[in-house]
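*Asks:* Heads up: the sequence lines are chains A and B, in that order. For the first sequence, the working numbering gives the first residue as -15, with consecutive numbering after it. For the second sequence, the working numbering gives the first residue as 333, with consecutive numbering after it.
It is worth saying that the hints were derived from the structure and are not from the lab. Take these hints with a grain of salt, some might be off.
[What the hints assert, rightly or not] Derived pair list, reagent style DSS-like, types lysine-lysine, alpha-carbon separation capped at 27 Å: (1) K337(B) to K350(B); (2) K(-14)(A) to K350(B); (3) K(-14)(A) to K451(B).
[As the list claims (entries may be wrong)] Partial pick of chain B residues on the chain A-facing surface, computed with a CB cut under 10 Å: (4) G381; (5) C395; (6) L396; (7) D403.
All C-beta atoms in this analysis are idealised placements derived from N, C-alpha and C, irrespective of residue type, glycine included.
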Amino acid sequence: MKPVAFDYLAAESLGSALSALSQAGGDGKILAGGQSLLPMLNFRLLRPSLLIDINRIPGLAYVEAAEGAIRIGALTRHHALETSSLVEAHLPVLGAAMRHVAHLAIRNRGTIGGSLSHADPAAELPMLALLLDAKIGIHSLNGRRTAAAREFFVGALATSLGEDEMVTDVELPKLPPGTGWAFAEVARRAGDFALAAVGVTISARDGKAAQVRIAMMGVGETPLRAPEAETLLAGRAIDAAAIEQAAAAMQAIIAPNTDLHASADYRHFLIGALARRAIDTAWRRALGELS
Amino acid sequence: MIGRKSIRLTVNGVAYEKSVEPRLLLSDFLRQELGLTGTHVGCEQGVCGACTIILNGDSVRACLMLAVQADGAAVETVEGLGSIHRLSALQQAFQDHHALQCGYCTPGMLMTVVDLMRKYPLASDEEIREGLSGNLCRCTGYAHIVRAVRAFIEQTRSAP
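Only chain A is shown next, with the shape it has when bound in the complex (with noise of 0.2 Å):
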């Protein structure tokens, strides 16, 4: 239970940081929050050459408001997410779904940038960035670029990111006034991994649905949106018979896993379960009926 011998660099700068990656050459490691990596380190399930930590880089944790959407900076903490006026203000659903993130000491640890890169598939901010369309901002020696939330969540613990790159911000698009949501958890013990959860927005036209995302984890290989649940949500008045069916189309697409803390069927029901809840709260306060 204690990690091999590796080398270890504080990084001043983005720059310094990605070179130092870059040379590692697949056998170096970033070390952010460490609240995933530690374990893995102490585990030796992880054996890299060169740790990079680059909780010394200045200018990489900060939530601001751009046009149209928050920006948050890969080195932001979850506690941060979770008492930040910006994120209740425009991603209600974000800080709904932070206070489920572990606990007080690991949220005072763990960033938004080592959860995205480490891709748990039951933990919740890879669910959130792919319920909000999130657009990753990712470096390397070579560049920037983005890449859509859709596109990154590749398997269990896996994304598209190369092994000379980093997670460097996160914007996602803010929720327009009036929006519903809901995130609904079920997880054996407050702090716990999920065993499985689900999120939802909606917003409202004229007593009708109007855009519907639904996402789910705890439930595949990485965190899933329910294409035909949102289709069948979308376009019309959200009754208790719809709901039924979105929740079916869900269960419908998902093959969850028995594990040591929940079999494939409790977690194929807690999925109908949480959907009901979720769309039904996220629909009520689409329509102002709840706050």
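Fit chain B to the given chain A structure using the hints.
*Replies:* Coordinates of chain B only, in the frame set by chain A:
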């Protein structure tokens, strides 16, 4: 050969300068290099909460940080709260309410409560339980811990 790094930090107000291997965990540094064995090590994977300390004002898992990362930091451990002969008010509340049996989880519980108190209202027992959900205790069943924290909050917040 992997180079050792020189670090300077304060722990409970005392300044230290040490040379450490990069892979040395902060929890092991505190216990083995500084002899501050009040910080307990349970799981070494961030799950049990026994090694929780305060780093620059925030509670953190000492097993999920490297000692080199604490260079320049101000660390507080359970030794900074009080002493055997002069318990802090929080420690006294734990004793008064029988909030520990074996005591293994207690340092992490105490340091977690210090940070929770600063950041959350802890208005209900449910909030206290949720706040402490990242700290495992295998003896008490938690009821006495929640009671101690509740008593400490009432005492602290009613004080002039």
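*Asks:* Please list, smallest to largest, the hint numbers that this structure does not respect.
*Replies:* Those not satisfied come down to hint 3.
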